[in-house]
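Input sequences plus hints: build the corresponding full structure.
Protein chains: 2
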Amino acid sequence: MKVKVEVFFKEGVLDPQGKTVKNALQHLGYDEVDDVRVGKVFTLSLKTSDREAARKRVAQMCEKLLSNPVVETYSIDTVEETR
Amino acid sequence: MKVKVEVFFKEGVLDPQGKTVKNALQHLGYDEVDDVRVGKVFTLSLKTSDREAARKRVAQMCEKLLSNPVVETYSIDTVEETR
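As given, the protein sequences belong to chains E and B, one line each in that order. Numbering of the first sequence is given in the working numbering, commencing with residue 36 and proceeding in unit increments. Numbering of the second sequence is given in the working numbering, commencing with residue 36 and proceeding in unit increments.
These aren't lab readings, by the way, just hints derived from the structure by calculation. A few of these clues could be false.
The list makes no distinction among identical chains, and a pair is therefore deemed to hold if it is satisfied within one copy or across any two copies.
Claimed, not checked - 27 Å max Cα-Cα, derived BS3-like pairs, lysine-lysine: (1) K82 to K37; (2) K82 to K99; (3) K45 to K82; (4) K39 to K75; (5) K54 to K82; (6) K99 to K37; (7) K75 to K45; (8) K54 to K91.
Structure, rendered in structure tokens:
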């Protein structure tokens with residue numbers, strides 16, 4: 036099973052990398068760019084087919100390792116079942 | 036309009052960060068983790084409502100700045116219309 040995890044800074048937390056990318060895009064002439072947020076995305080291949088159990092385990096992984104819950108939020112999405 | 040861009044290393048390109056995360060997760064007892072790929076995700080807020088034009092412009096941004104087309108692939112997804 037493949038699970039996709041996205042980790043972003045929480046709303047209200049400064050995202051300096053996003054600001055830098057926004058400025059660079061505007062400098063290149065993309066004036067329509069109003070805001071940019073940069074996050075991390077993890078694609079996990081798991082040896083399990085139990086979707087609910089996998090989601091709980093991945094939430095633990097997010098709390099322990101993949102994100103910093105103080106300043107970041109995460110979202111979990113099961114993208115593909117493999118058996 | 037909000038557009039989400041995901042950038043991953045191409046298949047076959049070594050992803051050392053993914054390998055490190057995989058090893059760390061297995062070390063924490065998550066033995067079901069078979070593989071991890073780490074990518075970047077950008078959420079762009081654009082001052083436009085023309086979906087098709089936005090997609091073309093964002094593809095240019097990916098080629099020029101957001102990804103390294105030699106070793107990375109990108110995907111573009113319109114996530115939300117705002118007017």
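Next item on the list: Determine which of the earlier numbered hints do not hold for this structure and return their numbers in increasing order.
Entry: none
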